[in-house]
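These protein sequence lines are chains A and B, in that order. All residue numbers for the first sequence refer to our numbering, where the first residue is 11 and numbers rise by one. All residue numbers for the second sequence refer to our numbering, where the first residue is 11 and numbers rise by one.
Any given hint could be a false lead.
Repeated chains share a single entry, so a pair holds when one copy, or any two copies, can fit it.
Mimicking SDA-like on lysine to any residue, the simulated pairs with C-alpha atoms at most 25 angstroms apart in a straight line are [to be verified]: (1) K304 - R207; (2) K247 - P330; (3) K112 - E167; (4) K409 - V106; (5) K12 - W357; (6) K199 - D240; (7) K12 - V193; (8) K154 - N405; (9) K247 - I155; (10) K201 - A144; (11) K177 - V259.
Since the hints were derived computationally from the structure, they do not count as laboratory data. All of these numbers come straight from a predicted model, not from anything done at the bench.
Number of protein chains: 2
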Amino acid sequence: MKLEQITALSTTADTKIVLMIMDGLGGLPVSLDGLTELETAKTPNMDQLAREGILGQTNPISPGITPGSGPAHLGLFGIDPVAHEVGRGVLEAIGVGLDVHKGDVAVRGNFCTVDTLGNITDRRAGRIPSEVGASLVEKLKPIKIEGVETEIRHVKEYRFALVMRGKNLSPELFETDPQRTGVAPLPVKAKSPEAERTADLFNLWISKAMKILADQPKANALTIRGYATDPGLPGYKEMYGLRAACVAVYPMYRGVAKLVGMDVVQFEGETPSDEFSAVARAWNDYDFFFVHIKKTDSYGEDGNFEGKVKIIEGVDQALPELLQLKPDVLMITGDHSTPAKLKSHSWHPVPFLLWAPATVRPDMQSYFGERACSQGGLGNIYSLDVMPLALAHANRLIKFGA
Amino acid sequence: MKLEQITALSTTADTKIVLMIMDGLGGLPVSLDGLTELETAKTPNMDQLAREGILGQTNPISPGITPGSGPAHLGLFGIDPVAHEVGRGVLEAIGVGLDVHKGDVAVRGNFCTVDTLGNITDRRAGRIPSEVGASLVEKLKPIKIEGVETEIRHVKEYRFALVMRGKNLSPELFETDPQRTGVAPLPVKAKSPEAERTADLFNLWISKAMKILADQPKANALTIRGYATDPGLPGYKEMYGLRAACVAVYPMYRGVAKLVGMDVVQFEGETPSDEFSAVARAWNDYDFFFVHIKKTDSYGEDGNFEGKVKIIEGVDQALPELLQLKPDVLMITGDHSTPAKLKSHSWHPVPFLLWAPATVRPDMQSYFGERACSQGGLGNIYSLDVMPLALAHANRLIKFGA
Numbered sequence: 011m012k013l014e015q016i017t018a019l020s021t022t023a024d025t026k027i028v029l030m031i032m033d034g035l036g037g038l039p040v041s042l043d044g045l046t047e048l049e050t051a052k053t054p055n056m057d058q059l060a061r062e063g064i065l066g067q068t069n070p071i072s073p074g075i076t077p078g079s080g081p082a083h084l085g086l087f088g089i090d091p092v093a094h095e096v097g098r099g100v101l102e103a104i105g106v107g108l109d110v111h112k113g114d115v116a117v118r119g120n121f122c123t124v125d126t127l128g129n130i131t132d133r134r135a136g137r138i139p140s141e142v143g144a145s146l147v148e149k150l151k152p153i154k155i156e157g158v159e160t161e162i163r164h165v166k167e168y169r170f171a172l173v174m175r176g177k178n179l180s181p182e183l184f185e186t187d188p189q190r191t192g193v194a195p196l197p198v199k200a201k202s203p204e205a206e207r208t209a210d211l212f213n214l215w216i217s218k219a220m221k222i223l224a225d226q227p228k229a230n231a232l233t234i235r236g237y238a239t240d241p242g243l244p245g246y247k248e249m250y251g252l253r254a255a256c257v258a259v260y261p262m263y264r265g266v267a268k269l270v271g272m273d274v275v276q277f278e279g280e281t282p283s284d285e286f287s288a289v290a291r292a293w294n295d296y297d298f299f300f301v302h303i304k305k306t307d308s309y310g311e312d313g314n315f316e317g318k319v320k321i322i323e324g325v326d327q328a329l330p331e332l333l334q335l336k337p338d339v340l341m342i343t344g345d346h347s348t349p350a351k352l353k354s355h356s357w358h359p360v361p362f363l364l365w366a367p368a369t370v371r372p373d374m375q376s377y378f379g380e381r382a383c384s385q386g387g388l389g390n391i392y393s394l395d396v397m398p399l400a401l402a403h404a405n406r407l408i409k410f411g412a
Numbered sequence: 011m012k013l014e015q016i017t018a019l020s021t022t023a024d025t026k027i028v029l030m031i032m033d034g035l036g037g038l039p040v041s042l043d044g045l046t047e048l049e050t051a052k053t054p055n056m057d058q059l060a061r062e063g064i065l066g067q068t069n070p071i072s073p074g075i076t077p078g079s080g081p082a083h084l085g086l087f088g089i090d091p092v093a094h095e096v097g098r099g100v101l102e103a104i105g106v107g108l109d110v111h112k113g114d115v116a117v118r119g120n121f122c123t124v125d126t127l128g129n130i131t132d133r134r135a136g137r138i139p140s141e142v143g144a145s146l147v148e149k150l151k152p153i154k155i156e157g158v159e160t161e162i163r164h165v166k167e168y169r170f171a172l173v174m175r176g177k178n179l180s181p182e183l184f185e186t187d188p189q190r191t192g193v194a195p196l197p198v199k200a201k202s203p204e205a206e207r208t209a210d211l212f213n214l215w216i217s218k219a220m221k222i223l224a225d226q227p228k229a230n231a232l233t234i235r236g237y238a239t240d241p242g243l244p245g246y247k248e249m250y251g252l253r254a255a256c257v258a259v260y261p262m263y264r265g266v267a268k269l270v271g272m273d274v275v276q277f278e279g280e281t282p283s284d285e286f287s288a289v290a291r292a293w294n295d296y297d298f299f300f301v302h303i304k305k306t307d308s309y310g311e312d313g314n315f316e317g318k319v320k321i322i323e324g325v326d327q328a329l330p331e332l333l334q335l336k337p338d339v340l341m342i343t344g345d346h347s348t349p350a351k352l353k354s355h356s357w358h359p360v361p362f363l364l365w366a367p368a369t370v371r372p373d374m375q376s377y378f379g380e381r382a383c384s385q386g387g388l389g390n391i392y393s394l395d396v397m398p399l400a401l402a403h404a405n406r407l408i409k410f411g412a
């Protein structure tokens, strides 16, 4: 069913929903007869929820498709990630904590190396270390362009994000990276007459930046691409009538949450317990909590099987703090799989647990793990089905038709 | 695959299909470690069919969406219930046994209370008892309007259904219920010039009705809304080449069956055995039988877990009468779930059993129940998949492509 139809069926109720996303939760056994990270982890609390609730597995996009973090989260929030692609510039910018509002233009930037003729010799500036990249970004921060505001932030190594804010800006611009060496970076060109002024403004910023970088041994030039503005996604309030809050340590996930109208809860620390305490403090002010655990994904990307297991166990140990708030609906899942065996995001379906004591139909599963989820009562669902299921179990959807 | 493609693949065969819908069949355990209504019921015959056949669970619309009876049945009949919404007036009218044909306009009516200025003081006429409502409808039956035929029937309490039949009628009308008190009922107004005459005819009917009701203590006025005509759904013959019959006790389900071109089999009594006898008598005249059992839903709505269990057991006891007819395909399912625990329709998937001795691929399940169905060989399907599966198992679908 389409989002606008879900919206039309949404109603209010005095119920609270928690969606805990352990990033990259899904895994693989290292040897074919072994266990996955989640199956290996000792998770007595989640296993109890699995016995009382229902399991399934979600496909973030469709079978075989590996999602980035942006689309993977959008799907879980109920927004079709294939129909609503969030521009790379916006993801890069919100990933480092920059705000991107309607009308702003966000871009991804790369430092590069050019020769004395100005032709590119290395598109990634010899992959300069992050410390160097960060110090260069500091040098570029003072650049001022009349009529607009610019904000730059380092991402990592040779990468940075830049946001331009002002009136009548347009992201309809061609990228400056020629995608090969031996030629100069391209000037910013407009794809439409309305974007001419924005092209001029970016060219002005680039020329000032090039002067500052001119004496660098490696990163003596730059390219920009991925121009994008706030995609204007619908918010939780308008989609579902939910006052929604985000509890996340990493800027990227706070940024995605802000794009769908969630408030970001501020808190100190970065342990699961710190996050659950933040949920507790905000409990009375919101109907929906998105709680994000990052390190399952980080250890997966590092190929650190044991590290990922430990993070999952840490979340499980802290879980009673969340449960004592008595959510009406608690869902535990990942945005995608990040098996340590593959050291990257993957396409494998994601374990999904739904616990809702008043309304759930329990299945036959007795622990939280990939194999149990593949036999779960919910079967294989799409991440787009997650929000309707959450609303239904929280008595927040009325009947369709008579 | 789309309906027109299913139609293109449909072929004839000398096989018979029975679709038995136990309304609201899906349930929930009252306590999280308990059994559902269907799991609790002793159903040796259905369990035998489960062992010989294949199980699955159906989603009437999509995960999380609770359907009304109209859309839930349409889906099982192979018609997309989201794309083909049947108007409220039509559902109300067929629910009390009124026929609605192409060009008729059916509406829902409410008795209401107005003060001496004609302003509404109670939109539901103080929720008059059904006996009062029924006697008022009797008083309105003699109303005649020149050029059209009108038929009115009581629904319950303050509600009635009215059908107007004649030439060039249009349902493009605004409702007369102002949705608040302190103002008078609105006159019927047309949304388009073609509907002007219909508006006049309804206004004429209303003015005559108001005179008859004028001296009533509570129900001294009325409002109408939900104008709709026969949605023009495709019939079983044209969709699937099936001569289809409906065996149902309640008018609503006979009405929905008529909308898709089924013949309604008349019979005495209302037990499962009475219904199966009716199927037996009509056996040679039809290829497809829709058998509807209502009381599973009624007891579910009442919150009567044990009552629902007993109804299921009663159906199981009578089942040999149906089996001795030797259907080629027998499907047993519900249109949606109505857990006694929730006392209402719900979004939970519906247990589905398909038995077809000549063509079925049996799975590993050994009884008919929600948990077994969640592990069934058919997996999670949409109710729209049911008719293609029925046709296939009855050798009534040819190969797609070479």
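A quick look at each hint next to the structure:
When the C-alpha separation of K304 and R207 is checked against a cutoff of 25 angstroms, the pair qualifies neither within a copy, at 40 angstroms, nor between copies, at 65 angstroms. For the identical chains of this complex, K247 and P330 are neighbours neither inside a copy (28 angstroms) nor across copies (53 angstroms), given an alpha-carbon limit of 25 angstroms. With identical chains, the CA atoms of K112 and E167 are never at most 25 angstroms apart, being 29 angstroms at best within one copy and 53 angstroms at best between copies. In this assembly of identical chains, the alpha carbons of K409 and V106 lie at most 25 angstroms apart only when taken from different copies (21 angstroms versus 42 angstroms within one copy).
In this assembly of identical chains, the alpha carbons of K12 and W357 lie at most 25 angstroms apart whether taken from the same copy (24 angstroms) or from different copies (16 angstroms). In this assembly of identical chains, K199 and D240 lie within 25 angstroms of each other by CA distance solely inside one copy; the values are 21 angstroms within and 44 angstroms between copies. Taking identical chains as interchangeable, the C-alpha atoms of K12 and V193 are never at most 25 angstroms apart, the minima being 47 angstroms within one chain and 37 angstroms between chains. For the identical chains of this complex, K154 and N405 are neighbours neither inside a copy (52 angstroms) nor across copies (46 angstroms), given an alpha-carbon limit of 25 angstroms.
Within a single copy, K247 and I155 get their C-alpha atoms no closer than 36 angstroms, and across copies no closer than 49 angstroms, so neither meets the 25 angstroms cut-off. In this homomeric assembly, K201 and A144 never come within 25 angstroms of each other (Cα to Cα): the closest approach is 31 angstroms inside a single copy and 64 angstroms across copies. When the C-alpha separation of K177 and V259 is checked against a cutoff of 25 angstroms, the pair qualifies neither within a copy, at 32 angstroms, nor between copies, at 67 angstroms.
Hints 1, 2, 3, 7, 8, 9, 10, 11 from the list above are not met by this structure, while the remaining hints are.
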